[in-house]
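J.: So you can see what is in the structure, the chains are spelled out below.
2 protein chains.
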Amino acid sequence: MSYTAPLRDFAFLLDHVVGFDRVAATERFADATPETVNAILTEAARMCQDVLAPLQRAGDTHPARLENGVVRTSPGFAEGYRAIAEGGWVGMSADPEYGGMGLPMTLTTAVNEMMSAACMALQLNTLLTQGQIEALEHHASDEIKALYLPKLISGEWCGTMNLTEPQAGSDVGALRTRAEPDGQGTYRITGQKIYITWADNDFTANTCHLVLARLPDAAEGTKGISLFLVPKFLPAKDGGAGRPNEVRVVSLEHKLGLHGSPTAVMSYEGATGWLIGKPHGGMAAMFTMMNNARLGVGTQGVGAAEGAYQLALGYAIDRRQGKAPGTGSIAEHADVRRMLLAMRAETYAARAIALSCAVAIDMAAATGDPVWRARAAFLTPIAKAHGTDVGVDVTREGIQVHGGMGIIEETGAAQFSRDVRVTTIYEGTNGIQAMDLVARKMMDGGEAAFRLLDDVAAEAEKARNGMGDLAQAVWDAQEALRETTEWLVAQHDMQDRFAGAVPYLRAFGRVLGAAAHLRSARKAPDSPRRILAAFYIERLLPEHAGLLAQARVGADGLYDIGLDDMAAA
Amino acid sequence: MSYTAPLRDFAFLLDHVVGFDRVAATERFADATPETVNAILTEAARMCQDVLAPLQRAGDTHPARLENGVVRTSPGFAEGYRAIAEGGWVGMSADPEYGGMGLPMTLTTAVNEMMSAACMALQLNTLLTQGQIEALEHHASDEIKALYLPKLISGEWCGTMNLTEPQAGSDVGALRTRAEPDGQGTYRITGQKIYITWADNDFTANTCHLVLARLPDAAEGTKGISLFLVPKFLPAKDGGAGRPNEVRVVSLEHKLGLHGSPTAVMSYEGATGWLIGKPHGGMAAMFTMMNNARLGVGTQGVGAAEGAYQLALGYAIDRRQGKAPGTGSIAEHADVRRMLLAMRAETYAARAIALSCAVAIDMAAATGDPVWRARAAFLTPIAKAHGTDVGVDVTREGIQVHGGMGIIEETGAAQFSRDVRVTTIYEGTNGIQAMDLVARKMMDGGEAAFRLLDDVAAEAEKARNGMGDLAQAVWDAQEALRETTEWLVAQHDMQDRFAGAVPYLRAFGRVLGAAAHLRSARKAPDSPRRILAAFYIERLLPEHAGLLAQARVGADGLYDIGLDDMAAA
Numbered sequence: 086m087s088y089t090a091p092l093r094d095f096a097f098l099l100d101h102v103v104g105f106d107r108v109a110a111t112e113r114f115a116d117a118t119p120e121t122v123n124a125i126l127t128e129a130a131r132m133c134q135d136v137l138a139p140l141q142r143a144g145d146t147h148p149a150r151l152e153n154g155v156v157r158t159s160p161g162f163a164e165g166y167r168a169i170a171e172g173g174w175v176g177m178s179a180d181p182e183y184g185g186m187g188l189p190m191t192l193t194t195a196v197n198e199m200m201s202a203a204c205m206a207l208q209l210n211t212l213l214t215q216g217q218i219e220a221l222e223h224h225a226s227d228e229i230k231a232l233y234l235p236k237l238i239s240g241e242w243c244g245t246m247n248l249t250e251p252q253a254g255s256d257v258g259a260l261r262t263r264a265e266p267d268g269q270g271t272y273r274i275t276g277q278k279i280y281i282t283w284a285d286n287d288f289t290a291n292t293c294h295l296v297l298a299r300l301p302d303a304a305e306g307t308k309g310i311s312l313f314l315v316p317k318f319l320p321a322k323d324g325g326a327g328r329p330n331e332v333r334v335v336s337l338e339h340k341l342g343l344h345g346s347p348t349a350v351m352s353y354e355g356a357t358g359w360l361i362g363k364p365h366g367g368m369a370a371m372f373t374m375m376n377n378a379r380l381g382v383g384t385q386g387v388g389a390a391e392g393a394y395q396l397a398l399g400y401a402i403d404r405r406q407g408k409a410p411g412t413g414s415i416a417e418h419a420d421v422r423r424m425l426l427a428m429r430a431e432t433y434a435a436r437a438i439a440l441s442c443a444v445a446i447d448m449a450a451a452t453g454d455p456v457w458r459a460r461a462a463f464l465t466p467i468a469k470a471h472g473t474d475v476g477v478d479v480t481r482e483g484i485q486v487h488g489g490m491g492i493i494e495e496t497g498a499a500q501f502s503r504d505v506r507v508t509t510i511y512e513g514t515n516g517i518q519a520m521d522l523v524a525r526k527m528m529d530g531g532e533a534a535f536r537l538l539d540d541v542a543a544e545a546e547k548a549r550n551g552m553g554d555l556a557q558a559v560w561d562a563q564e565a566l567r568e569t570t571e572w573l574v575a576q577h578d579m580q581d582r583f584a585g586a587v588p589y590l591r592a593f594g595r596v597l598g599a600a601a602h603l604r605s606a607r608k609a610p611d612s613p614r615r616i617l618a619a620f621y622i623e624r625l626l627p628e629h630a631g632l633l634a635q636a637r638v639g640a641d642g643l644y645d646i647g648l649d650d651m652a653a654a
Numbered sequence: 086m087s088y089t090a091p092l093r094d095f096a097f098l099l100d101h102v103v104g105f106d107r108v109a110a111t112e113r114f115a116d117a118t119p120e121t122v123n124a125i126l127t128e129a130a131r132m133c134q135d136v137l138a139p140l141q142r143a144g145d146t147h148p149a150r151l152e153n154g155v156v157r158t159s160p161g162f163a164e165g166y167r168a169i170a171e172g173g174w175v176g177m178s179a180d181p182e183y184g185g186m187g188l189p190m191t192l193t194t195a196v197n198e199m200m201s202a203a204c205m206a207l208q209l210n211t212l213l214t215q216g217q218i219e220a221l222e223h224h225a226s227d228e229i230k231a232l233y234l235p236k237l238i239s240g241e242w243c244g245t246m247n248l249t250e251p252q253a254g255s256d257v258g259a260l261r262t263r264a265e266p267d268g269q270g271t272y273r274i275t276g277q278k279i280y281i282t283w284a285d286n287d288f289t290a291n292t293c294h295l296v297l298a299r300l301p302d303a304a305e306g307t308k309g310i311s312l313f314l315v316p317k318f319l320p321a322k323d324g325g326a327g328r329p330n331e332v333r334v335v336s337l338e339h340k341l342g343l344h345g346s347p348t349a350v351m352s353y354e355g356a357t358g359w360l361i362g363k364p365h366g367g368m369a370a371m372f373t374m375m376n377n378a379r380l381g382v383g384t385q386g387v388g389a390a391e392g393a394y395q396l397a398l399g400y401a402i403d404r405r406q407g408k409a410p411g412t413g414s415i416a417e418h419a420d421v422r423r424m425l426l427a428m429r430a431e432t433y434a435a436r437a438i439a440l441s442c443a444v445a446i447d448m449a450a451a452t453g454d455p456v457w458r459a460r461a462a463f464l465t466p467i468a469k470a471h472g473t474d475v476g477v478d479v480t481r482e483g484i485q486v487h488g489g490m491g492i493i494e495e496t497g498a499a500q501f502s503r504d505v506r507v508t509t510i511y512e513g514t515n516g517i518q519a520m521d522l523v524a525r526k527m528m529d530g531g532e533a534a535f536r537l538l539d540d541v542a543a544e545a546e547k548a549r550n551g552m553g554d555l556a557q558a559v560w561d562a563q564e565a566l567r568e569t570t571e572w573l574v575a576q577h578d579m580q581d582r583f584a585g586a587v588p589y590l591r592a593f594g595r596v597l598g599a600a601a602h603l604r605s606a607r608k609a610p611d612s613p614r615r616i617l618a619a620f621y622i623e624r625l626l627p628e629h630a631g632l633l634a635q636a637r638v639g640a641d642g643l644y645d646i647g648l649d650d651m652a653a654a
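From first to last, the protein sequence lines are chains D and Y. Under my numbering, think of the first position of the first sequence as 86, with each following residue one higher. Under my numbering, think of the first position of the second sequence as 86, with each following residue one higher.
Read the hints as simulated data drawn from the structure, not as lab findings. Be aware that one or more of the hints could be misleading.
[Claimed, not checked] Chain Y stretches covered by chain D per the calculated footprint, using a threshold of three residues with CB under 8 Å from any CB of chain D:
(1) 318-327
(2) 337-350
(3) 393-405
(4) 428-441
(5) 572-584
(6) 609-618
(7) 645-653
[Claimed, not checked] List of simulated lysine to aspartate or glutamate pairs, EDC-like, C-alpha gap at most 20 Å:
(8) D/K308 - D/E250
(9) D/K526 - D/D256
(10) Y/K363 - Y/E219
(11) Y/K547 - Y/D611
(12) D/K608 - D/D650
(13) D/K363 - D/E241
(14) D/K608 - Y/D650
(15) D/K322 - D/E305
(16) D/K608 - Y/D645
(17) Y/K608 - D/E171
(18) Y/K608 - Y/E544
(19) Y/K608 - D/D650
If you're wondering where the values come from, they're calculated on a predicted model, not measured in any experiment. Glycine included, each C-beta is placed from N, C-alpha and C at the ideal position.
With these hints in hand, go ahead and build the complete structure from the sequences.
T.: Have a look at this one:
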């Protein structure tokens, strides 16, 4: 699989669209000078293009497998991982005190997108370690930090998240794994966890599991959950990997996609674990890890979309067929153009939203300003769900552009579609993201939402001069979204909010995407970015009206058909 | 995989929604009495549930394979095929003179939906034979008919379509396979064909290929294409399968889905073939075959959607998770309800559209009325593209309802999504269907479209009494669609029609779906059908506005970005 990193897009978005200049102007991120940013992205692009992209097909055709309890990874993945670790890409936003580069999350987001486009199955390993690093930075003791962070940041060790159990998926509070104090300051962890991504590998010296479990005196539900660090090998006196812990990979799943990423059932049989954070404080620590990972997963969607777009564009340009105008390639057919431009415009909008979310995270971290914190919190579920919806939609269209070749596995189009499919599900399904958006993220009475819409309206006002029609369309759309937001905030029966949560989130993504395109067009009025903006605003933005109509129906009628009557038979 | 045939839906749609009574009132289909219809559907349902559904997973996990030039099919497929053949399901609409049942295409459509829901990979074999039977009925000589039709109709032999070559996909006119007269009234066929579905098997005594090829004096493009019947085994004197023809299966494709259905590269090396229809008249014969198959493929989309819906509903009812109201199953969460009801409402609408198309085909066949013929021609691309879009959308949502289980292959949700993916591509991509709709199918100045919209408007008028809001919404939508249809008909630059063809077709599907739901609600106002209709009209129909906006932008802007500038890099 060949891949060309979208460096021009990143540069343009950072310089002109998502407000990265404000991040670079903070004291905390003063090192993120234009030269550094350029050097970082160029270097990451080279690794993704030269080292990771060639691994993508091998990960699919030679899945990770379990041999006598040991996970054997796909051919080349060990070398690919080494390149990621040695480049410093695992810990690029981690604390410099422990070996990280301390760079803004905005840059990590760009690099993560490139890595996911090139080889998502392997990048997923890094994404999980990044989440673990952030959780430990915020919640672990100094001793744990000193021991684990340098090894995680360097990539010598890697990290996983162990939340789900057979009866506890979206409902984490139902988990049963037990943690008993052993009198030596550590705990014996016992239970079974499922869907554990990258539970093991054959290229890092240790794998560190963050495990949610219950202490003996724990309350029921989420209030009784604590977080434990459970390494595959217990640290030896010199700090290296020592004797094996009581942790076992039971089996690997047979999955639709991401075959290169082992997904395991894990068994903890009195394994030694260290408490992270306070007793019964596991949910807070988990949310640190998950929030980071949610933006990361949204970014995986963008990466898959970009990869699928490049593959489809290349195919369409090369493929000669029918009486096409111009070059005679199928890319000259109006309907193929429509598909390709939609793929491009959707991917660009999703990229802008992910980077905007990252900018808010960076600004919150650098300034502590609650307004930035609220914006980061509000944009995270949108970046996750919108980015992954775009990933699923665009990779699906990538198959369509290929015609019959699209379903032949060797082409690679189908793999993008299979690999990205899980992203709308893991780290909280997109339904959960939407419920989070209309409930928790609107506990401020909609303030974070309205501030974002104010920015969209301001952008539309600025764009009126020269792009009157496009600006008006964006202004109207933000106004419609504002009215629906007001309606949602006024609903006190949460079921009425939840019933329209998914279409509401999608409409928000549409409007933010349109605003990003409009701003791009205003900043580069004589470039193809203006054509792309017109495409998005004229053809894709109108979808928001249907989505908002759906968002405002409420729960009426959803419960009027009994489950027995829902079968067609 | 378990499956329950939607017999209640079929009965209701035939009796109250799609106008099947008019078909049954014709002389040609006088045998299709209510008792016969009921017996036929019940018997087919039993076979699909008991014999075919249990084969679905085996087809996926044990793909058809090529061993020393011979195709070995998936375990149980031979027995499944025998059940289809012995039940008479292959030739249920075929000419009774040759052993067919002469039943309406409407019933074949219902049976084909059930078979595709149960095991699409095997059903696809039957669908192709049905297309071949129809092509031979219309275009073959009496001698060929007498020899081949009884064996195809009984299922003793089966049929394939050989159109595509590496350089000739959607552009059939580019094909190069040659046919040279051998002086004995037959022809020597030489060339390579690709994507040949069910090119061979190990359960029928013969496989008959309909092959498009060029005679020596052929013109370029589609005008120089002729159709040939090329059996795997040449007929012996007794009419049975005799010595092997010069036809070879070169290789099988490694596909995203439909693993149980072998897709081959075929080599014809001076194979003996019989001309079907007139020299250079291959396109007409092919369109007979394709038109039949297009409705059939749309129906596959409906079947996959129904199968995926049943699987998701069953899972959601069984799965207990979180603080759901009522029974505590995830089916009680508002967002899961929304997904399930959308799956159900979409599938029902697509089923209604497919059956309406079949009714038009039957009425055209029974009456010869050009108005019915035009309606059948207009509805065919909609039934194909809308049905398969629904198939892809609903199976995707089926994965989502399953959460993490959705991407575990053993669950079966992912298989529905993989299997149905090709249906938006084969038998003419959905882009080709949409172009056909806005060009060829509007050469009547939009008359067929406006007649359909008149029917929708009339239905809305009838429903005003008692369902005012729903009726108004449907009336408004048909009015918006009518205006866009007028706009399209007025565009003489076809690129302006083609640029919005796909969203236009989708909007048409939405409006026809809404009309079918409205009619259902009017006919059964106190049933869950009314709730379902409200769901569709309030939540899904509003999408039509965004689609129509997109349909009316025209080709403006599509060609303003050079292919070089379309890359993001």
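J.: With reference to the structure, classify each hint as holding or not holding.
T.: Hint-by-hint comparison with the structure:
no.: 1; hint: 318-327; in the structure: violated (count 0)
no.: 2; hint: 337-350; in the structure: holds (count 5)
no.: 3; hint: 393-405; in the structure: holds (count 5)
no.: 4; hint: 428-441; in the structure: holds (count 3)
no.: 5; hint: 572-584; in the structure: holds (count 3)
no.: 6; hint: 609-618; in the structure: holds (count 3)
no.: 7; hint: 645-653; in the structure: holds (count 8)
no.: 8; hint: D/K308 - D/E250; in the structure: 17 Å, holds
no.: 9; hint: D/K526 - D/D256; in the structure: 19 Å, holds
no.: 10; hint: Y/K363 - Y/E219; in the structure: 16 Å, holds
no.: 11; hint: Y/K547 - Y/D611; in the structure: 17 Å, holds
no.: 12; hint: D/K608 - D/D650; in the structure: 55 Å, violated
no.: 13; hint: D/K363 - D/E241; in the structure: 27 Å, violated
no.: 14; hint: D/K608 - Y/D650; in the structure: 17 Å, holds
no.: 15; hint: D/K322 - D/E305; in the structure: 37 Å, violated
no.: 16; hint: D/K608 - Y/D645; in the structure: 18 Å, holds
no.: 17; hint: Y/K608 - D/E171; in the structure: 69 Å, violated
no.: 18; hint: Y/K608 - Y/E544; in the structure: 11 Å, holds
no.: 19; hint: Y/K608 - D/D650; in the structure: 17 Å, holds
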